[in-house]
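Chains Y and C supply the protein sequences, listed in that same order. Letter 98 of the first sequence, counting from 1, is numbered 98 in the numbering used here, and no numbers are missing. Letter 19 of the second sequence, counting from 1, is numbered 1019 in the numbering used here, and no numbers are missing.
Just so you know, these hints were derived from the structure itself, not from any lab. Positions of the beta carbon are idealized from the N, C-alpha and C atoms, including for glycine. All clues given are correct.
In silico SDA-like links for lysine to any residue, alpha-carbon gap of 25 Å or less:
#1 Lys1123/C - Gln133/Y
#2 Lys153/Y - Gln1150/C
#3 Lys153/Y - Gly1065/C
#4 Lys153/Y - Lys1098/C
#5 Lys1098/C - Leu1074/C
#6 Lys1098/C - Ser144/Y
#7 Lys1083/C - Thr141/Y
#8 Lys1123/C - Arg122/Y
#9 Lys1098/C - Val163/Y
#10 Lys1123/C - Val163/Y
#11 Lys153/Y - His1110/C
#12 Lys153/Y - Thr1069/C
#13 Lys11/Y - Leu45/Y
#14 Lys153/Y - Ser1070/C
#15 Lys1058/C - Ser135/Y
#16 Lys153/Y - Lys1058/C
Heads up, incomplete: computed chain C residues facing chain Y, CB under 10 Å, no partners named:
#17 Val1118
#18 Gly1125
#19 Ile1132
#20 Val1145
Residues of chain C placed beyond 10 Å of chain Y at every Cβ, according to the derived structure:
#21 Ala1053
#22 Leu1074
#23 Arg1076
#24 Lys1085
#25 Lys1087
#26 Thr1100
#27 Asn1138
#28 Gly1139
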Amino acid sequence: MNPACQTHVPKLSAFVDGELAPKERVAVEQHLAACKACVGRVADLRAESGLVRVGLDLLADEVDFKDFSQKVMARITPERPPFWERFKVGFAELTSYRGPALAGGFAVAGLAVVLGLGLWMRPRAPEGYGAAQASVESVSTDESAHVAPVVMKTEQGTIIWTVDHADNPELNLPPDAGSSAATARPKGGEL
Amino acid sequence: VKGLARRSVDCLAPLVACAWLVGAVSALAADAKVDVVVEQVHASNNGTSVDPALTPMKASFSQAGLNYTSFHRLSREPTALEKGKAKEVALANGRSAKLTLTSVQSGEAHVAVSLPPVETTYKLGREGSVYIQAGPHNGGVLILVLSPVQH
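Chain Y with its partners taken away, still in its complex shape:
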């Protein structure tokens, strides 16, 4: 083996595999142009590489690749642990790294619960009874009925009475009707 071959023979395998840098590849190609022995070595390496590839292909054909990807994915992502286990791990991480924030959150939540219970348990007016006192908003009568409404407010509530429209309203009240009622009477037929 001449000195030039001693320099290039170690690089022939990488040359065949296309792993040399451009400068080295050019140098090897220049050497191959002048050295028949190294050309033969390169041919041997290529033949060997082809045999290896064919052999591997034959081996691969014998292997059953059914469910291959599922098996690989199963090994990459193992069975999901139970919820309680995941919760415990997550909670442990939370308390380790965010303890003060967690304590603050619990304090706020507790305060919200206490306030909510207080609001929920407070005495509430039944539906529709937002007003403290019942109050009459309007009273009207059918004009053809010839009666007029009389509205009298008392301590217990409101009295709505009707009197004959054509006559003096006082005549239709009971004989003992007092002046307190008269003061609350409206002038018209509708309030």
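Following the hints, complete the assembly by docking chain C onto the known chain Y.
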């Protein structure tokens, strides 16, 4: 199978939440209801007997100058009123009254009372009653009393 079940739960959870939200909104949007107590009282000057529970009513009428000497309760019935739906009340003298919840705004309910020829609207309150003359009855007068429910 576990994965399928987990995916099903993941898909169902938002649906359940949406259904709950829709239900809650529907409940809030449902027609309002209020309860009132409807009483019929016979007032007359025949005798001096007064039902003990009607003593405050007698005092109110006296204060208004309506000095009936006898007050008797003929009926007392808590009644639920639904918005927009007239509730008919048969009166002891053969007439009838119609009660309608017209609106509930800011927690205050407004009720229309139709007792021909008188049409009345009033706002419910936790205190105070509305006494409406409902016509003659047995030598006296029939009074329709609308009172708040006691809680």
